[in-house]
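Undergrad: With the sequences and hints as input, model every part of the structure.
Going line by line, the protein sequences match chains A and B. If you number the first sequence the way the working numbering does, the last residue is 352 and the count never jumps. If you number the second sequence the way the working numbering does, the last residue is 1527 and the count never jumps.
Incorrect hints may appear among the rest.
Said to hold, decoys possible - List of simulated lysine to any residue pairs, SDA-like, C-alpha gap at most 25 Å:
(1) A/Lys133 with B/Ser1330
(2) A/Lys133 with B/Ala1345
(3) A/Lys133 with B/Asp1312
(4) A/Lys133 with B/Leu1146
(5) A/Lys133 with A/Ala223
(6) A/Lys133 with B/Pro1142
(7) B/Lys1050 with B/Glu1008
(8) A/Lys103 with A/Gln169
(9) A/Lys133 with B/Leu1097
(10) A/Lys133 with B/Ser1098
(11) A/Lys133 with B/Glu1145
(12) A/Lys248 with A/Thr148
(13) A/Lys133 with B/Thr1096
(14) A/Lys248 with A/Pro106
(15) A/Lys133 with B/Leu1095
(16) B/Lys1195 with B/Gly1147
(17) A/Lys133 with B/Ala1325
(18) A/Lys133 with A/Thr148
(19) A/Lys133 with B/Ser1331
(20) A/Lys103 with A/Arg174
(21) B/Lys1387 with B/Arg1415
(22) B/Lys1050 with B/Glu1166
(23) B/Lys1231 with B/Val1283
(24) A/Lys133 with B/Leu1311
(25) A/Lys133 with B/Gly1144
(26) A/Lys153 with A/Pro258
(27) A/Lys133 with B/Val1094
(28) B/Lys1387 with B/Leu1419
(29) A/Lys133 with B/Arg1346
(30) B/Lys1050 with B/Arg1229
(31) A/Lys248 with A/Lys133
(32) B/Lys1050 with B/Gly1092
(33) B/Lys1231 with B/Glu1264
What the hints assert, rightly or not - Which residues of chain B face chain A? A few of them, derived with a C-beta cut under 10 Å, are:
(34) Thr1308
(35) Gly1309
(36) Ser1331
(37) Leu1333
(38) Ser1341
(39) Ala1345
(40) Tyr1347
Note that these hints are calculated values from the structure, not bench results. We treat Cβ as the ideally placed atom computed from N, Cα and C, and that holds for glycine.
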Amino acid sequence: MSTANTGDDVRVKSTRAEPMTVMLGRYSALFLLVGFLVLFGFLRPEVFLTQTTFRATLSSGVVTAILALAFLVPLTAGAFDLSVGTMMGLSLVIMNWFGTNHKSVPIALVCVGAVLICAVVGLISGIMVVRFKVNSLIATLGVSQVLTAIELKISNNRQMTGAFSEGFQNWGNRSIFGVPIVVMYLLVLALIIWFVLEHTPAGRYLFAVGGNPEAARLAGINANRLTYGSLVASGAVAGLAGVVYSMKVGVFSVDSGPGLLFPALAAVFFGASQFSRRPNVWGTLVAYFALAFGVRGLQLTFGPGTFWIEPMFQGVTLLIAVALASRTIGSTRKSRRQQLEVTAQQTAPVTA
Amino acid sequence: MAGAVAIEVRGLSKTFSGQTVLNNLDLSVDEGEIHALVGQNGSGKSTLIKVLAGYHAPDPGGSAEVFGQTLQLGSALDSHVRGLRFMHQDLGLVLTLSSVENLMLGRRYPTGLAGRIRWSEAERITREAARRADLEIDVRRPVGELGLADRTRLAIARSLPERADERVLLVLDEPTAALPTRDVERLFATLRRLKQQGHSIVIVSHHLDEVLGIADSITVLRDGVKVARVKTDEIDTDRLTRLIVGREVLRATRSVTPADVSRESVARIENLAGGTVREFSTVIGGGEIVGVAGLAGSGRELLGPLLTGRLDRRGTVRVRERVVAAGSPSSALSSGLVSVSGERARYGVFPNLGVRQNLTIGALRPHVRWGRIATEAERQETRSWVKRLSIVTRGPDAPMTSLSGGNQQKVLIARALRLEPHVMVLDDPTAGVDVGAREQVHSIIEHGLSDSMGILLISTDSEELVRLCDRVLIMSKGWIVDELHRGSDLTAQNIDHAQVAGRGARTPDAPTRIEPARNPSNQENLA
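TA: Here is the structure:
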């Protein structure tokens, strides 16, 4: 274990092993993922254990996973951004509008513009939350409805097909070394966000604000600036999800963004119970793909009549997994006993 | 009904995990009298009240009678049925609800058809109850819009019985702690009127002049024992103070210490004010530990928040000639003023982070390389602090919440010390910390002190102040009323006596200004 002490100080040695159930909870998403692969690999080896299945499951999950990362960033600072779904829709509708009406504008410029506009929307949410002290849940819900209206107006409530060039769509459907390229995008983005959250002062401060805002302020941390920053980042990442979606699929409809909101949120909350037990990048991704492979396996095993299985499965797994992972140290009988022993050890040298 | 007894408690004891808090205590209050319960912090007043309220069950053996009927000790329901009513210091009002809704929290709403609340009737009941507590307000407005004095009256109104002819014993815990002087007088007028209506009142207060002004008789508690029960007209402030503190107080004549000109001051606090703090000025020298003592409500509690920027303030604070902006923790930190609060969970600990992250949060710069936090260097530094301050932890990356309170506090002190501050404000740093950890925190404070740093130690623990401080400022009613010096008159008894007596506090218009001393005496005593 990385936390193992070098033993240079005797007092530090009072170790307390995690009880089994707590440990299982922390890695439940990983066990779930492996379990599904084994189970469905055993049940339907000929269709489940194929390159096609793996590639399809991975690449179709990328957009939702990016959206989950967008939700994750402000959540670390304790802010909920429910507008990530509609922000992705906004980015998508902008891409399609230019694709249909202004073909002359370079597509790369449109992509950057769409991401920037979403970042500005994030800034507006930030103003609502910081300046006007609106609860982030309510502020982003409101922003989300306004965005829906804008999308309806631009698209005239119709599906839009941007008629993107083949070259552009190629960026979304190619494979490198057999891995869909969009999975690479996801990995790069995840690496960047992981680095910022876990290895830079900014990430450290975000978690501090999320953990105890008052203590963060007293420690000299500018919580307002961090809230702005995290919501802007969330907007930009959601905009990016829209760009990737237009590369892959391209078609806009009003519910294409919001439809992905629940699976994305479920992955973040499930993931927040994993590994370090706070919102984290790898927990989110593992949680999301564990669910995705589970759904895929069920559909392949029980046939086309199981269209209802996805939300059912996501809901039930989220409930069970998070309930299991909420068993922290101190909530099981064994860990309480251990805690008493440690306290006894601590007080012993003092009274001696 | 003259001569009848409202409450008669006999032989009450209460032990918490081997520690006796109340010892064979008697209490007797006549019907229709105002009785005061006085004693120092930790003398057992609040425990006694909590036992009577049924919140704690006492040790077996004690008994109590209320209005002639046996009270089943430890039962909140029975306590209410027998006619005991309690009003706690925080009043227990819901500020977003209206007066009617607050009053009805403890009663049954008058209802009509299909369980509909008859609001006009509820308002009438509320107005009637409010009138009995001298309160004239629009009962439909939210309680948050009322001033503190009116809120107190509403809380009293709520504890009065529904039927006007019913008599109760009203127990008020520190009702005046947060009230301005003129509101205290008005509140007392209300209490006298309630007494005329036949109610009995027990009032807990730290302010002896107030107690002597309102109470008919007084029970003095000390270390869980009843020391005396006296009639108010047979006692004066001095004798009462002596009863409370329990020791003959001999004030040593202050020996004049020569001004130490070589020691430069690290912080100057001038006319600091805000909340209950009326005026606080002092100069802290390098290598000096200045203590602040004061009872609840003296302004002592707010001093830390005002200095560290958690609350807005008036007056100037300079740290090495740099002016600290009011209400800004980051300005305080960047000028070299750091703080550690005894309320760890609220103001210090990040429960979602590990020991390492909690310790280094104040300054990450030393560990940042190319924008990345060098985790191993950070871990190394954490280990050295863990070792230096004897922090008991599973390792540098253990969750902060897995540490005991004392060890969490040591992490927070390490967080402050590693910023190499000019001034450290310690606000009750050993609150809720066990005896062993308290010792360790004390030695950390002693050893952490250097000539370039000064410490302001705000504490409720007189022994702690005596052990660590060069001089101790005593606060009462928002003013500094006394100053005790090491080597002459700094003893725990004197601190206790000064804060109970509140010397000079009775004339807030012409307060006894103690000139800030800049001459911390014999540093050798620290070692």
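Undergrad: Run every hint past the structure and note whether it holds.
TA: Hint check results:
Straight-line distance between C-alpha atoms of lysine 133 of chain A and serine 1330 of chain B comes to about 21 Å, which keeps the hinted pair within the 25 Å bound. This hinted pair checks out: lysine 133 of chain A and alanine 1345 of chain B have alpha carbons roughly 24 Å apart, not beyond 25 Å. Restraint check: the Cα-Cα separation between lysine 133 of chain A and aspartate 1312 of chain B comes to about 19 Å, which is no more than 25 Å; the hinted pair holds. Restraint check for lysine 133 of chain A and leucine 1146 of chain B: the C-alpha separation of about 24 Å stays at or below 25 Å, so the hint holds.
Restraint check for lysine 133 of chain A and alanine 223 of chain A: satisfied, since their Cα atoms lie roughly 13 Å apart, inside the 25 Å limit. Distance check on the hinted pair: lysine 133 of chain A and proline 1142 of chain B sit about 21 Å apart at the alpha-carbon level, within 25 Å; holds. With a CA separation close to 16 Å, the supplied pair lysine 1050 of chain B and glutamate 1008 of chain B stays within the 25 Å bound. A C-alpha spacing of about 15 Å is found between lysine 103 of chain A and glutamine 169 of chain A, which places the hinted pair at or below 25 Å, so the restraint holds.
A C-alpha spacing of about 21 Å is found between lysine 133 of chain A and leucine 1097 of chain B, which places the hinted pair at or below 25 Å, so the restraint holds. This hinted pair checks out: lysine 133 of chain A and serine 1098 of chain B have alpha carbons roughly 24 Å apart, not beyond 25 Å. Between the alpha carbons of lysine 133 of chain A and glutamate 1145 of chain B the distance comes to roughly 20 Å, so the proposed pair stays at or under 25 Å and holds. With a C-alpha separation of about 22 Å, the suggested pair lysine 248 of chain A and threonine 148 of chain A falls inside the 25 Å cut-off, and the hint holds.
Between lysine 133 of chain A and threonine 1096 of chain B the alpha-carbon distance is near 18 Å, which keeps this suggested pair within the 25 Å criterion. For the proposed pair lysine 248 of chain A and proline 106 of chain A, the alpha carbon gap of about 18 Å is at most 25 Å, so the pair holds. For the proposed pair lysine 133 of chain A and leucine 1095 of chain B, the alpha carbon gap of about 19 Å is at most 25 Å, so the pair holds. Taking the CA atoms of lysine 1195 of chain B and glycine 1147 of chain B, the gap is near 24 Å; set against the 25 Å cutoff, the hint holds.
For the proposed pair lysine 133 of chain A and alanine 1325 of chain B, the alpha carbon gap of about 23 Å is at most 25 Å, so the pair holds. Distance hint between lysine 133 of chain A and threonine 148 of chain A is fulfilled; the C-alpha atoms sit about 23 Å from each other, no more than 25 Å. As the CA atoms of lysine 133 of chain A and serine 1331 of chain B are separated by approximately 23 Å, the hinted pair is consistent with the 25 Å bound. For a cut-off of 25 Å, the pair hint linking lysine 103 of chain A to arginine 174 of chain A stands: about 23 Å separates their Cα positions.
In summary, the hint linking lysine 1387 of chain B to arginine 1415 of chain B is supported, as the alpha carbons are separated by about 14 Å, within the 25 Å threshold. Our distance criterion of 25 Å between C-alpha atoms is met by lysine 1050 of chain B and glutamate 1166 of chain B, whose separation comes to about 23 Å. Our distance criterion of 25 Å between C-alpha atoms is broken by lysine 1231 of chain B and valine 1283 of chain B, whose separation comes to about 43 Å. Under the criterion of a C-alpha separation no larger than 25 Å, the hint pairing lysine 133 of chain A with leucine 1311 of chain B is consistent with the structure, at around 19 Å.
The hinted pair formed by lysine 133 of chain A and glycine 1144 of chain B meets the criterion: a straight-line CA distance of about 19 Å does not exceed 25 Å. Under the criterion of a C-alpha separation no larger than 25 Å, the hint pairing lysine 153 of chain A with proline 258 of chain A is consistent with the structure, at around 17 Å. Pair hint lysine 133 of chain A plus valine 1094 of chain B holds up; C-alpha atoms about 22 Å apart against a cutoff of 25 Å. Taken as a hint, the lysine 1387 of chain B and leucine 1419 of chain B pair is honoured in the structure, with Cα atoms around 18 Å apart against an allowance of 25 Å.
In summary, the hint linking lysine 133 of chain A to arginine 1346 of chain B is supported, as the alpha carbons are separated by about 21 Å, within the 25 Å threshold. A distance of roughly 20 Å separates the Cα atoms of lysine 1050 of chain B and arginine 1229 of chain B; the hinted pair therefore holds under the 25 Å criterion. A hinted pair counts as satisfied when its Cα atoms are at most 25 Å apart, and lysine 248 of chain A with lysine 133 of chain A does not qualify at roughly 38 Å. For the hint pairing lysine 1050 of chain B with glycine 1092 of chain B, the CA-to-CA distance comes to about 15 Å; that is within 25 Å, so the pair holds.
For the suggested pair lysine 1231 of chain B and glutamate 1264 of chain B, the alpha carbons sit about 52 Å apart, so the restraint of at most 25 Å is broken. At its closest, the beta carbon of threonine 1308 of chain B sits 7 Å from a beta carbon of chain A; the interface hint therefore holds under the 10 Å criterion. A cut of 10 Å between beta carbons decides the hint on glycine 1309 of chain B: the least distance to chain A is about 8 Å, and the hint holds. Here the hint on serine 1331 of chain B is kept, as its CB sits about 9 Å from the closest CB of chain A, short of 10 Å.
Because the closest C-beta pair between leucine 1333 of chain B and chain A is about 4 Å apart, less than 10 Å, the hint holds. Annotation: serine 1341 of chain B was flagged as interfacial toward chain A, and the flag holds, the nearest CB pair being 8 Å apart, inside 10 Å. Here the hint on alanine 1345 of chain B is kept, as its CB sits about 8 Å from the closest CB of chain A, short of 10 Å. With 10 Å as the threshold, the beta carbon of tyrosine 1347 of chain B comes within range of chain A, its nearest partner Cβ sitting at about 6 Å, so the hint holds.
The structure does not agree with the numbered hints 23, 31, 33 stated previously, though it agrees with the rest.
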